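Protein chains in written order, with numbering that gives the first Met the number 0: chain A, 0 to 245; chain B, 0 to 228; chain C, 0 to 223.
One or more hints might be untrue.
Rough simulated footprint, nothing fancy, chain C against chain B, three-plus residues with beta-carbon under 8 angstroms [stated by the list, open to error]:
| # | segment |
| --- | --- |
| 1 | 67 to 79 |
| 2 | 169 to 176 |
| 3 | 189 to 203 |
| 4 | 208 to 222 |
Since the hints were derived computationally from the structure, they do not count as laboratory data. Here the structure is a predicted model, which is why all the values come from computation and not from measurement. Glycine included, each C-beta is placed from N, C-alpha and C at the ideal position.
Listed below are the residues making up each chain.
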Amino acid sequence: MPHLEITNLDAAYKSQPVLSGVSLSVEKGEVVSLIGPSGSGKSTLLRVLVGLLPPRKGTVVLDGTPVDYSDQRSLRALRDRCAIVFQQFNLFRNMDVLRNVTIAPVKIKKRDRREVEAEAEALLAKVGLGDKLRAYPSELSGGQQQRVAIARALALRPEILLLDEVTSALDPELVQEVLDIIRLLVGEGMTMLVVSHEMGFVREVSSRVALMSAGAIVEIGSPAQIFDAPKTERAKDFVAKILRAH
Amino acid sequence: MWARLADEAPRFFTYYNGIFLLQAMGATLLLSLGGCLAGSFFGLLLVLLRKTKGALFLVPRALAWGFVEFFRRVPPLVVLLLAFFASNLVKMDVSLFLVALVALTFVATAFMAEIIRAGIEGVHPNQWDSAATMNFGYLRTMLTIILPQAWKIILPPAFSFFLLFVKDTAFASQLGTLELTYAGKVLTSRGFTAVLSYGSILVLYFALSYPLARFGAWLEDRLAPSGNH
Amino acid sequence: MQYTFQFGQITRYLPDLLAGALISLEIAFVCFWGALLIGLLGAMALHFGGVWTRRVARAYVACFTNTPGLVQIYFIYFALPEFGILFSSLQAVIIGITLNAGGYLTLILKSGFLSVHRNELDAAEVMGMSRLQLVRYIIVPHIARVLFPPISNKFILMVLGTAVAGVFGVEDLMGRTINANAESFRAIELLSVTACLYVAMTILATLVLAAVSLLCFGRRRSSI
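The shape of chain A in the complex, shown without the other chains (with noise of 0.2 angstroms):
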């Protein structure tokens, strides 16, 4: 059984179609990278998938759960199980760093704090912050912020994590510490659908490519196989793009 199963989802930004008919399949512990030209519903996917823009029909289905994206107490089931991290990182701007990770786990989870609080430190040592617990966002780098977006989202205990376009926003010379970070979730086998712009990051971590256009999946398959030997005209073109870019 798929971890994630998406079937002919269908969503609309303000009467505009966003995403027409996409369908994908996660398997457990499996990596999906999704690229593609800017505008092609990427990142769309992935706020239709937490629930932040409601899809028009289609089906998702969690682990053999179909997800009921009107109904709040499915929704909540959803979210408890998925976790997402911005573009823009969305850290709380009023909390310090380890109230930022603590405050769903307690508050929402309703678990212990100083369990929580422990996890948290351990989360931060991991992304290297260790040393930043009490510093606010607008203290932090991008880089720094981005790092206390994805312990946020870890210590929520995500079955599947979501990453969307982790670091767009990033000065290029921060970008790295983030990807060594997912690199090492990569490793401890966590279920990931990734957006990314960074070409030689998606084809080394990914299971899979898909590669989104114009609101749909045009082609997937392995990376060797989306950046070696595209099939479709779309991915040839967008295979040639990136590579005059680089």
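Please build the complex by placing chains B and C on the supplied structure of chain A, with the hints as guidance.
Then chains B and C, alone, in the frame of chain A:
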């Protein structure tokens, strides 16, 4: 004229008149502070209603919107008189001060609701996104994430409104509520010249408002540069 | 509570109230242009004036923005006659509202003056503009655009502010409401109708200002 003023001044600036004016000034301050604080509280409640989503809250949302639009577009004097005549219907013995306070609270609620709403909309929407994906409910998001960031945006215009509001409380005098302006009317009716009575009322309003205005300017300066926590 | 609402009894006052509303709008209109002129002079004094001009302008603004307009008019109407300066109630109200709003508009316009970019001014001076031309061709068009929203909001607040005239027996909407009440004793019905008329007046003003903004700047900006 100047002779008459000089003649009347010793009778005007007495201990008794001083106490009378200070008490009236206290009432003005109380009306302003009470109306503004209560208005901030109820204004916040209206905003909490207005920012809800979904069909369930459609009616309360519309009512909150209507309340704000209505009371921002009616002169405070009209609201005060309406409250006055409505309080006559209820055959309870309510003080004029309370009637004025309630009426002014309606006005303050509408204006504060707009100020608070603008402040909340000034917080980056991505804060709502990440709270939602972490299963924060509406109220928890508002109270623990949005409002703690919005207060800095809210405070300067709220204080400017408070300064205008202090002057709006003068209309309570038309109900006979004893506050500064009414005290001026009382003094003229006791036979003092309008120059002395209204002159001293103007001076006392100035003494109340000017330091607050300076404080407001300082406050705006402090909050203007974007510190983030 | 035995009070029964009888809106029927007050319909005969409606034409009277509507005529009063027109007077309120006229007062607001006259006072607004006067106040805008004062505001422009005040802001220029604060911006370009010498030490004493600035001091006078600052004192004017401080005095009129830190005291209630109602009491200012009381003073004009009741106290100035003791110095031999006599005004009718309408004159006193118009002078009072204008001077009061002039103080606030001075502050609003000053913030507009401050927002004129330094290099725009330098460029204008290089082009050999006189101070008057500077104001006419650079500053006024600029502040018109930046300040249209706060000035329109001020105008709408002034429409509400004209209600003060009723206190002095002027036959504006407020004054006519008070007179009609003295005759009919249907205060709540009358005041409700009056409240709705003020709402209608300000909505009308909002729409007209939005249209003006659209015509002049191509975009709707007023917030109230």
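Going through the hints against the structure:
Residues of the segment 67 to 79 of chain B lying with their CB closer than 8 angstroms to a CB of chain C number 10, which satisfies the three-residue condition for coverage. For the segment 169 to 176 of chain B, the stated coverage by chain C is satisfied: 4 residues place a CB nearer than 8 angstroms to a CB of that chain, which reaches the threshold of 3. Look at the segment 189 to 203 of chain B against chain C: 7 of its residues bring a Cβ nearer than 8 angstroms to a Cβ of that chain, three or more, so the hint holds. Beta-carbon proximity to chain C at under 8 angstroms applies to 3 residues in the segment 208 to 222 of chain B; the threshold of 3 is reached and the given coverage holds.
Going down the numbered hints, you'll see the structure goes against none, and every one checks out.
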